[in-house]
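Peer 1: All residue numbers for the sequence shown refer to our numbering, where the first residue is -17 and numbers rise by one.
None of these hints come from the bench; they were simulated from the model.
You may find that some hints are simply not true.
Cross-link-like lysine-lysine pairs, in silico, DSSO-like; alpha carbons within 30 Å at most [claimed, not checked]: (1) K97 / K182; (2) K143 / K(-5); (3) K123 / K18; (4) K97 / K18; (5) K145 / K123; (6) K97 / K(-3); (7) K72 / K143; (8) K123 / K201; (9) K1 / K192; (10) K18 / K(-5); (11) K1 / K143; (12) K201 / K182; (13) K1 / K184; (14) K97 / K143; (15) K(-3) / K143; (16) K1 / K145; (17) K(-5) / K182; (18) K18 / K1; (19) K18 / K184; (20) K184 / K143; (21) K123 / K182; (22) K143 / K123; (23) K123 / K99; (24) K99 / K149; (25) K143 / K99; (26) K149 / K72; (27) K182 / K145.
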Amino acid sequence: MISQLTIVAGLRKEKSFLKDTFFTRPFRVANVGQYKTDSGLYLMVMSSSPGMLDNDQYDISIKVEAGARVQLQSQAYQRLFQMQAGATQKLEIVLEPGSAFSYVPHPVVPHQNSKFKSHTTAYLQDDCTLLLSEIITCGRKHSGEAFLFTYFQNLTEVYYKQKLLLKDHTLLQPQQVPPGLIGQWEGYTHQGSLVYLNTKGKSVHAYMEKIREMLGEEKGLCFGLSETAGNGFVLRLLGNGGEQLFACFQRVQVMLEPTTLS
């Protein structure tokens, strides 16, 4: 099934608002920021489906107009069910000058024999801020389905004025390349990736140092932090629980809120 979701956020009287939205089954969009006092728009993407099924195709488009600020939230874990042909997702994010977008979704749970391919593209202009994350689990490990999915791929590309700033590619094929090998997941069962970029010309060194201090206190977690071109960084986590990784990313998101929502 082909499913579409379109969100357009605007700015009116110094307050971000949902200017336009269109969605087909199973999507719904809810405003969850009624009690917030900042200028940001808080939206939750909801779904009536238990997860992605064989031949599902998600086409998601998000536009944040000049000066607007959006935090997008997910409703629950994203399950990828058993498949033959596979499922795909395309996410396009367009940020106009002075805008910001933040999205820290729940973990993805690929079931046995699932096949999934995702492509995320973000286009930034001057004075923008972008925060994106993804958490991949090994599957339903308590049901004996650890790393029994067939294929998982996610390609993320970020452009600034049509110039490529960052490309992050995740490709997992457990039957061909066992995740336990050196250079792979090395015994961990969950991987998280977080990308932060700003085109404000603001250094990210102070943020990176705070993240190192914060995550250094976590038990059972391995992390790496790398600076990117164009005032940004990529944070990679390895752990054994989706809730721990999700909580870590939420803490990073809160720390960066002054740059994404104020």
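Peer 1: It remains to establish, for every hint, whether it holds in the given structure.
Peer 2: Right, here's what the structure says about each hint:
Among the hinted pairs, K97 with K182 is inconsistent with the structure: their alpha-carbon atoms are about 38 Å apart, more than 30 Å. Taken as a hint, the K143 and K(-5) pair is honoured in the structure, with Cα atoms around 27 Å apart against an allowance of 30 Å. A hinted pair counts as satisfied when its Cα atoms are at most 30 Å apart, and K123 with K18 does not qualify at roughly 38 Å. Proximity of K97 to K18 is assessed by CA-CA distance (about 39 Å); at most 30 Å being required, the pair is judged violated.
In summary, the hint linking K145 to K123 is not supported, as the alpha carbons are separated by about 41 Å, beyond the 30 Å threshold. The straight-line distance between the Cα atoms of K97 and K(-3) is roughly 41 Å, outside the 30 Å bound, and the hint therefore fails. Distance hint between K72 and K143 is fulfilled; the C-alpha atoms sit about 21 Å from each other, no more than 30 Å. For the hint linking K123 to K201, the alpha-carbon distance of about 20 Å falls within 30 Å, and the restraint holds.
About 35 Å separates the Cα atoms of K1 and K192, which puts this hinted pair outside 30 Å; it is violated. Proximity of K18 to K(-5) is assessed by CA-CA distance (about 16 Å); at most 30 Å being required, the pair is judged to hold. Straight-line distance between C-alpha atoms of K1 and K143 comes to about 24 Å, which keeps the hinted pair within the 30 Å bound. The hinted pair formed by K201 and K182 fails the criterion: a straight-line CA distance of about 34 Å is larger than 30 Å.
Simply put, K1 and K184 have alpha-carbon atoms about 29 Å apart, close enough for the 30 Å limit, and the pair holds. Taken as a hint, the K97 and K143 pair is broken in the structure, with Cα atoms around 33 Å apart against an allowance of 30 Å. At roughly 26 Å between alpha-carbon atoms, K(-3) and K143 fall within 30 Å of each other, so this suggested pair holds. Using a Cα cut-off of 30 Å, the hinted pair K1 and K145 holds, with the two alpha carbons roughly 28 Å apart.
Proposed proximity of K(-5) and K182 is supported: the alpha carbons are some 23 Å apart, at most 30 Å. Proposed proximity of K18 and K1 is supported: the alpha carbons are some 18 Å apart, at most 30 Å. Distance restraint check for K18 and K184: the Cα-Cα separation of roughly 26 Å lies within the 30 Å cut-off, and the hinted pair is therefore satisfied. With a C-alpha separation of about 17 Å, the suggested pair K184 and K143 falls inside the 30 Å cut-off, and the hint holds.
Restraint check for K123 and K182: the C-alpha separation of about 42 Å exceeds 30 Å, so the hint is violated. As the CA atoms of K143 and K123 are separated by approximately 43 Å, the hinted pair breaks the 30 Å bound. For the suggested pair K123 and K99, the alpha carbons sit about 21 Å apart, so the restraint of at most 30 Å is met. Straight-line distance between C-alpha atoms of K99 and K149 comes to about 16 Å, which keeps the hinted pair within the 30 Å bound.
This hinted pair checks out: K143 and K99 have alpha carbons roughly 26 Å apart, not beyond 30 Å. About 15 Å separates the Cα atoms of K149 and K72, which keeps this hinted pair within 30 Å; it holds. Distance check on the hinted pair: K182 and K145 sit about 16 Å apart at the alpha-carbon level, within 30 Å; holds.
In summary, the numbered hints that this structure violates are 1, 3, 4, 5, 6, 9, 12, 14, 21, 22.
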